[in-house]
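Number of protein chains: 2
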Amino acid sequence: MDTKTLILGQKNKKTWIEIHNLKAIGQMVRKKRKKMGMTQAEAAGLCNVGARFMSELENGKATMHFDKIMKVLRSFGFIIGISERL
Amino acid sequence: MDTKTLILGQKNKKTWIEIHNLKAIGQMVRKKRKKMGMTQAEAAGLCNVGARFMSELENGKATMHFDKIMKVLRSFGFIIGISERL
DNA sequence: CATAAATATTCCCGTTCGGTAATATTCTGA
DNA sequence: TCAGAATATTACCGAACGGGAATATTTATG
Numbered sequence: 061m062d063t064k065t066l067i068l069g070q071k072n073k074k075t076w077i078e079i080h081n082l083k084a085i086g087q088m089v090r091k092k093r094k095k096m097g098m099t100q101a102e103a104a105g106l107c108n109v110g111a112r113f114m115s116e117l118e119n120g121k122a123t124m125h126f127d128k129i130m131k132v133l134r135s136f137g138f139i140i141g142i143s144e145r146l
Numbered sequence: 061m062d063t064k065t066l067i068l069g070q071k072n073k074k075t076w077i078e079i080h081n082l083k084a085i086g087q088m089v090r091k092k093r094k095k096m097g098m099t100q101a102e103a104a105g106l107c108n109v110g111a112r113f114m115s116e117l118e119n120g121k122a123t124m125h126f127d128k129i130m131k132v133l134r135s136f137g138f139i140i141g142i143s144e145r146l
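Protein sequences, first through last, are from chains A and B.
Going by my numbering, the first sequence wraps up at 146, each residue one higher than the last.
Going by my numbering, the second sequence wraps up at 146, each residue one higher than the last.
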């Protein structure tokens, strides 16, 4: 893939991870949070959500509000994309 | 981009659209639904959600449950992806 | 243009989200 | 191993989601 990106001059090509459920998102969020060396409480403060929300998000609770999830993802430097199945 | 995909033999490369809010998703859903020649009511039935939900989704209501949004997207042949901001 | 079809909005209602605080449980590092 | 830190869960409560039906509004059609 490195050769490919060099050939095309696309050194900064984004890598998309397909998401099938909220559990997967929760895992990504937790991993990133730990990488940043933060507790859930600190992360909640950063994202301006409650500690409870952060805990439930990381544990993959399915029925959370889309806008709040987006808020956390954005604060953590993630972006969401939509594509069509091939 | 066409030349690029041919060079790499990646004719089936997914194209990701970055999403910043639920409004954008709603627009995509509506566009797809119309393309499929369905009314909101029919689409709601297909996705097993209420007509009200479909209407609100298409109009970009922010506080909807993630799992239900995902359900509709999946029924419409969309996939969700996460990437990191560069 | 009139009317039917489609969509948006309101109503009623049961359920649940999520903030905050408290408490129970689990994890971590010395 | 154990104490403290971190996380998960529970309790209380107000706000609001969403199903289904009804109604208002908008759009499409002949």
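Among the hints, a few may not be true.
One copy or two, either will do: identical chains are not told apart, so a pair holds if it fits within one copy or between any two.
Below 25 Å or equal to it, Euclidean Cα-Cα: the simulated DMTMM-like pairs (lysine to aspartate or glutamate) are [unchecked claim]:
#1 LYS91 - GLU144
#2 LYS74 - GLU102
#3 LYS128 - GLU78
#4 LYS121 - GLU102
#5 LYS91 - GLU78
#6 LYS95 - GLU144
#7 LYS91 - GLU116
Simulated from the structure, these hints should not be mistaken for lab results.
For each hint, the structure was consulted:
1. LYS91 - GLU144: Cα proximity of LYS91 and GLU144: across copies only (13 Å, versus 27 Å in one copy).
2. LYS74 - GLU102: Result: close neither inside a copy nor across copies, 28 Å intra and 36 Å inter.
3. LYS128 - GLU78: both (20 Å within a copy, 17 Å between copies)
4. LYS121 - GLU102: within (20 Å within a copy, 29 Å between copies)
5. LYS91 - GLU78: both (16 Å within a copy, 22 Å between copies)
6. LYS95 - GLU144: between (31 Å within a copy, 14 Å between copies)
7. LYS91 - GLU116: Within. Shortest intra-copy distance 15 Å satisfies the 25 Å Cα cut-off; inter-copy 33 Å does not.
Hint 2 from the list above is the single one not met by this structure.
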